[in-house]
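A.B. asks: Listed in order, the protein sequences are those of chains A, B and C. Each residue of the first sequence is one higher than the one before, starting from 1 at the first, in this note's numbering. Each residue of the second sequence is one higher than the one before, starting from 1 at the first, in this note's numbering. Each residue of the third sequence is one higher than the one before, starting from 1 at the first, in this note's numbering.
These are computed hints drawn from the structure, not numbers from a lab. Don't take every hint at face value.
[As the list claims (entries may be wrong)] Pairs of lysine-lysine, DSSO-like flavour, derived with a Cα cap of 30 Å:
| # | chain 1 | residue 1 | chain 2 | residue 2 |
| --- | --- | --- | --- | --- |
| 1 | B | Lys19 | B | Lys9 |
| 2 | B | Lys440 | C | Lys277 |
| 3 | B | Lys482 | B | Lys410 |
| 4 | B | Lys410 | B | Lys440 |
| 5 | B | Lys573 | C | Lys277 |
| 6 | B | Lys410 | B | Lys423 |
[As the list claims (entries may be wrong)] If you want the footprint, here are the derived chain C segments under chain A, 3+ residues with CB under 8 Å:
| # | stretch |
| --- | --- |
| 7 | 53-67 |
| 8 | 78-90 |
| 9 | 119-132 |
| 10 | 137-150 |
| 11 | 262-275 |
[Claimed, not checked] Simulated restraints, written as ranges between beta carbons of each label pair:
| # | chain 1 | residue 1 | chain 2 | residue 2 | range |
| --- | --- | --- | --- | --- | --- |
| 12 | A | Leu135 | C | Gly291 | 15 to 25 Å |
| 13 | C | Asp270 | B | Gly480 | 53 to 63 Å |
| 14 | B | Lys9 | C | Arg28 | 33 to 43 Å |
| 15 | A | His93 | B | Asp569 | 56 to 66 Å |
| 16 | B | Arg435 | A | Gly141 | 19 to 29 Å |
| 17 | B | Pro138 | C | Ile247 | 40 to 50 Å |
| 18 | B | Gln451 | C | Arg28 | 22 to 32 Å |
| 19 | C | Ile247 | A | Leu139 | 11 to 21 Å |
Note that the structure is a prediction, hence the values are computed from the model and not measured. Ideal Cβ placement from N, Cα and C applies to all residues, glycine included.
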Amino acid sequence: MAMISAQTFFISFFGLAAVWFGVVVFRTHSMMRSALALLFSQTAIGAMFIGMQAEFLGVLQIMMMATEMSIMAIFMVMFMMDPGGLGKMDMTHQKRLSVITGLVAFVAIVAVAVFTDWGPLAGSVPDSAQQTEDLGLELMGRSMLIFETAGLTLLTAMIAATAVAVEPIKRNRD
Amino acid sequence: MIVGARQGKLSGLRQLVAKAMARELTGFLVPGLDIAHAQGLDVEAAGVRLVASPRHASVLMVAGDISPALRNAAAIIYAQMARPRALLVLGAGGLSPLPSADVTSELSQPGLIDGIAQLRIAFAEGAFRPEVTDFDAPMLHVRVEYTCPMHPEVVQDEPGSCPKCGMTLEPREASANDVDSHPHETHDHHHESHDHQHEVHNHDHGSHSHHHEAHDHDDHESHSHQHEAEDHQAMDHSGMNHGDMDHGSMDHGDHGDHAFMSMIDVTKDLPRSSDGLPMDWIDVPFGPFFPGLPSGLLLTLTLDGDTVAGSSARTLTENVALPHHSALEPLSFVARLSNMEPLAPLAYRFLANQAMENAAGIEITTVTARGRVGALERERITSHLGWLALFGQQMGFGWLLRRAAALQLKFRHANEQAIMALKPDIESLIKRLRRTPLLKSRNAGIGRLVQDNALRGPVARAVGIDNDARSTDPVYTALGFKAISRDSGDSLARLQVRLDELRQSLALIDAAGTIELFEPANIGLATGAGEAFVETPRGAAHLRLTLEKGLVVTAQLETPSTHHLTLTDSLTKQQSLGDALLAVGSLDLSPWEIRQ
Amino acid sequence: MTTALILLLLAVGAYLVAVIEAWTVSGRWQLAAPITAGIALLGRESIVPRKLDRVFFEVAPVLLLISALLAATVLPLTPGLIITDLATGALFINAALVYVLVALLMAGWGPNGAYAMIGGWRFLGQLIAYAMLIVMPVTAVAMRAESLLTTQIVTSQADLWNILYQPLGFVLFFVAAMALAFLPPFDLTTATSELAGGVEAEYSGVRLAVFRLGRLVLVITLAATTVVFYLGGWQGPWLPPWAWSAIKILAVTALMLLAGRVLPRIREADLLNLCWKLGIPLALLNIFVVGLQVLVWP
Chain A
1 MAMISAQTFF
11 ISFFGLAAVW
21 FGVVVFRTHS
31 MMRSALALLF
41 SQTAIGAMFI
51 GMQAEFLGVL
61 QIMMMATEMS
71 IMAIFMVMFM
81 MDPGGLGKMD
91 MTHQKRLSVI
101 TGLVAFVAIV
111 AVAVFTDWGP
121 LAGSVPDSAQ
131 QTEDLGLELM
141 GRSMLIFETA
151 GLTLLTAMIA
161 ATAVAVEPIK
171 RNRD
Chain B
1 MIVGARQGKL
11 SGLRQLVAKA
21 MARELTGFLV
31 PGLDIAHAQG
41 LDVEAAGVRL
51 VASPRHASVL
61 MVAGDISPAL
71 RNAAAIIYAQ
81 MARPRALLVL
91 GAGGLSPLPS
101 ADVTSELSQP
111 GLIDGIAQLR
121 IAFAEGAFRP
131 EVTDFDAPML
141 HVRVEYTCPM
151 HPEVVQDEPG
161 SCPKCGMTLE
171 PREASANDVD
181 SHPHETHDHH
191 HESHDHQHEV
201 HNHDHGSHSH
211 HHEAHDHDDH
221 ESHSHQHEAE
231 DHQAMDHSGM
241 NHGDMDHGSM
251 DHGDHGDHAF
261 MSMIDVTKDL
271 PRSSDGLPMD
281 WIDVPFGPFF
291 PGLPSGLLLT
301 LTLDGDTVAG
311 SSARTLTENV
321 ALPHHSALEP
331 LSFVARLSNM
341 EPLAPLAYRF
351 LANQAMENAA
361 GIEITTVTAR
371 GRVGALERER
381 ITSHLGWLAL
391 FGQQMGFGWL
401 LRRAAALQLK
411 FRHANEQAIM
421 ALKPDIESLI
431 KRLRRTPLLK
441 SRNAGIGRLV
451 QDNALRGPVA
461 RAVGIDNDAR
471 STDPVYTALG
481 FKAISRDSGD
491 SLARLQVRLD
501 ELRQSLALID
511 AAGTIELFEP
521 ANIGLATGAG
531 EAFVETPRGA
541 AHLRLTLEKG
551 LVVTAQLETP
561 STHHLTLTDS
571 LTKQQSLGDA
581 LLAVGSLDLS
591 PWEIRQ
Chain C
1 MTTALILLLL
11 AVGAYLVAVI
21 EAWTVSGRWQ
31 LAAPITAGIA
41 LLGRESIVPR
51 KLDRVFFEVA
61 PVLLLISALL
71 AATVLPLTPG
81 LIITDLATGA
91 LFINAALVYV
101 LVALLMAGWG
111 PNGAYAMIGG
121 WRFLGQLIAY
131 AMLIVMPVTA
141 VAMRAESLLT
151 TQIVTSQADL
161 WNILYQPLGF
171 VLFFVAAMAL
181 AFLPPFDLTT
191 ATSELAGGVE
201 AEYSGVRLAV
211 FRLGRLVLVI
221 TLAATTVVFY
231 LGGWQGPWLP
241 PWAWSAIKIL
251 AVTALMLLAG
261 RVLPRIREAD
271 LLNLCWKLGI
281 PLALLNIFVV
291 GLQVLVWP
């Protein structure tokens, strides 16, 4: 009983932290702060995963999101104006449409979460070492096709993006 | 007792801290490591650790007298240092606007060691004091100007409204670009107060209110950091409102997409880099006391991310006055010329002597000539070793910096036997350098120069131009001199040419057999005009002078670094920052001999 | 109790790293230098630049220290001495160490200065180069151990250390570890001669002390990680386990710090070239070869 409430506490804490950081992403004017707030929001989600005893997933989330958000940060600084946020520029556009879309999406997600039949409640979870092994077997077995396809698609996308980016310079030279 | 003490009572824990500070002195060297080595100072051996950033330094060490522009820069450095901070001056008197020196000593290694010892005592006793005074200097003052957010080209000194659009002008700190448009001599005050921003390019739209503008980076040249008064922060928040402009107003009452401006529209007037991205360009100064660059050189790079989009280089050293229709004693003329260049004093001394002897029609003996050859070649070795040390520092190559500096100090006053004894050390340095992994990839293809007849010295010889003043000198040809050249013209070729010249100079000293600094021949009351060429370690220097009754009345001097300075722009364009700095470093500029 | 002991050992380790680093720079053994330097540093003013990003400026040194400490919590120094033996230990080390990047980005952006900013973004460029090289060799190590538990990884090397079993992986991991700790020749982010100290330049006083401490702990954590993954951890004849751990970790540290003295700083473009064109194919080859080895020799 005490164990469950500690777990619930931590999950709620990190969940709220994730939401708070997510709000900071849009409230702050500085691009860099926005990117790093998103980073920490994802870290909080990773911590939630660990709290839910999905250790591998949590650690992976924490690791990958840090790298990805940092790379997003540099792109934001490169492409966005006023990355320092000192000008307090209003970065929002299409306000009414976005508010409506946001509300609709929120209601839809909550409806899915509440009304779906998630199956019976798991009484206990296997320990982390066993989970990692099971995950590995799953990846190498049933899910191998999915991940291989995803990997190849990503690789193709990367190569295509690079090729598209390089081309205009070549054209100028002709 | 040190002027830059930190506020507090010296008791208990603070005494322990003061003693610790006295033992671990960190120093910032002005003008720089190359000058210090050329003067024979070995700072690390004296027990002070040199640091690159003024924030980390506790002692500002000034080696020798410096020009007013450099003094202003040094004052800015001093203001950036964290307290408690001390000032050690070697071989110079009062250096205003710096405060009076806490310890003065003579400009020599024993003088340095003595000065450091005194400094340790001063720190242990005076690092903390109950009352301290602010350090203030004219160039540290912030100059506020008023500009229109929509039209940055409108700049006024008083508040008001923009003549073009009527908006109220916003306050902003003086920026480097605006100041540089003034002639330097007359606006010395403003000129040095271009502290606050190195961003410029008066862009019209918002992206500029981002942090780049207010940089307070401690680039050794500009800072107006009054750390005692953090309330300055409050003052400065009022600036920087470039972003506060039309975007906000455009989106007010936005009921649809018609006022939506895409990033492409908004940034259409911004300068674009060669890959088409409009990014912010910042002006960053490198120098005059930048580690790895020749001291006294102010290199301002306009950086587009990590790439150099533009550059401007100039020297902050004083332009030595040469007589022009005025009379100067020959000995003081020689002294003036040789003191001009601390990195190669002998070469200029010989230049002056030879020009005067030519003008007076005096022949010198072969013994004297050979003695001069020996001394000049020794100086060439010393200078190249000094350059190697600086280059090693620039490449982040610790071993090269230490080894080359140690050898340079040994060669400075060595006689022929000592030099021959040091020959194997030079050989092993060259061999180890050639074998260093990553050195070739670091240098190959960087800083490529094309054939240009105005190039001199090793820079020219690396491009394949056999330009060497020694090839036409009979004394040298008698000793079997042959100019060395390579033809790739990049940084690696320049390195290799200088290494080859090290070997060649050793061979020449061996052949000459003697190193003597003979007194200049007595020119009596001769009258006439003459000129001389001397191959200084950086290239051929040319001096023309006229004598009248034994006094020098006019003189014109051309030095190699003057032209080489103009190469920095082409060398650094579109290079990444590290490559750009390396290219400039490989030129072996001497800001002290640049004639303006 | 274990935590306190390990933290104490890390502090001692960081101290020794400082001593070794001073030796590689000046050639002299100055055992008391880090203490006096630390005290002297704490007594200096802490200057704060104008118009800085306060949150980033303050958090960066602390985050650097914390991420290094977190990575050290899963490293076993002796068979029983480990703070938490996470089932995904080997992966957790990388997860914690990636926040070094976040800390340096913050330290670059915070002070509102050109040198620091360029230094911070350069580290991101460096990460693009070494990121794969620090994760892929760990895959091969975990393959041999058939587990991500760090203790299991050490015990799997009982008959042959990984440095001999998978030398290619060792070389790649060592290079990537040096790049992560921004040690010369990969010190693009705190380059003395290109950026006047870069990310470190604007810090002074207490914050600088924390930054430097964080860096020292990072170096020793990476050395300890190398030892755990490739050098058999605490295993060795005659001496007790803690002695072997200490000797190996200090030897790896000395090697990491020395390498930078004898090489010039690498160019950013060359680093990316080397890591992507040479490093990643070699890492893949390493995984393949180790896979074969694991199948052939049980």
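A.B. asks: With reference to the structure, classify each hint as holding or not holding.
C.D. replies: These are the hints, each one checked on the structure:
Straight-line distance between C-alpha atoms of Lys19(B) and Lys9(B) comes to about 14 Å, which keeps the hinted pair within the 30 Å bound. Using a Cα cut-off of 30 Å, the hinted pair Lys440(B) and Lys277(C) holds, with the two alpha carbons roughly 19 Å apart. Of the supplied pair hints, the one linking Lys482(B) and Lys410(B) holds, its CA atoms being roughly 27 Å apart against a limit of 30 Å. The straight-line distance between the Cα atoms of Lys410(B) and Lys440(B) is roughly 28 Å, inside the 30 Å bound, and the hint therefore holds.
Distance check on the hinted pair: Lys573(B) and Lys277(C) sit about 27 Å apart at the alpha-carbon level, within 30 Å; holds. Pair hint Lys410(B) plus Lys423(B) holds up; C-alpha atoms about 12 Å apart against a cutoff of 30 Å. Against chain A, the stretch 53-67 of chain C contributes 3 residues with a C-beta closer than 8 Å to a partner C-beta. That satisfies the three-residue criterion, and the hint holds. Counting residues of the stretch 78-90 of chain C whose beta carbon lies closer than 8 Å to any beta carbon of chain A gives 3, which reaches the threshold of three, so the coverage claim holds.
Counting residues of the stretch 119-132 of chain C whose CB falls under 8 Å from any CB of chain A gives 5; the rule of at least 3 is met. Closer than 8 Å: that is the beta-carbon criterion, and the stretch 137-150 of chain C has 3 residues meeting it against chain A, so the requirement of 3 holds. For the stretch 262-275 of chain C, the stated coverage by chain A is not satisfied: 0 residues place a CB nearer than 8 Å to a CB of that chain, which falls below the threshold of 3. For the hinted restraint 15 to 25 Å between Leu135(A) and Gly291(C), the CB-CB distance of approximately 18 Å keeps it satisfied.
The hinted range of 53 to 63 Å is not satisfied by Asp270(C) and Gly480(B), whose Cβ atoms lie roughly 41 Å apart. Between Lys9(B) and Arg28(C) the CB atoms are about 35 Å apart, so this pair conforms to the stated range of 33 to 43 Å. For the hinted restraint 56 to 66 Å between His93(A) and Asp569(B), the CB-CB distance of approximately 42 Å leaves it violated. For Arg435(B) paired with Gly141(A), a C-beta distance near 52 Å fails the hint of 19 to 29 Å.
A hinted range of 40 to 50 Å is violated for the C-beta pair Pro138(B) and Ile247(C), which are about 59 Å apart. With their beta carbons about 48 Å apart, Gln451(B) and Arg28(C) fall outside the hinted range of 22 to 32 Å. Between Ile247(C) and Leu139(A) the C-beta distance comes to about 39 Å, which lies outside the given range of 11 to 21 Å.
When held up to the earlier numbered hints, the structure conflicts with 11, 13, 15, 16, 17, 18 and 19 and fits the remainder.
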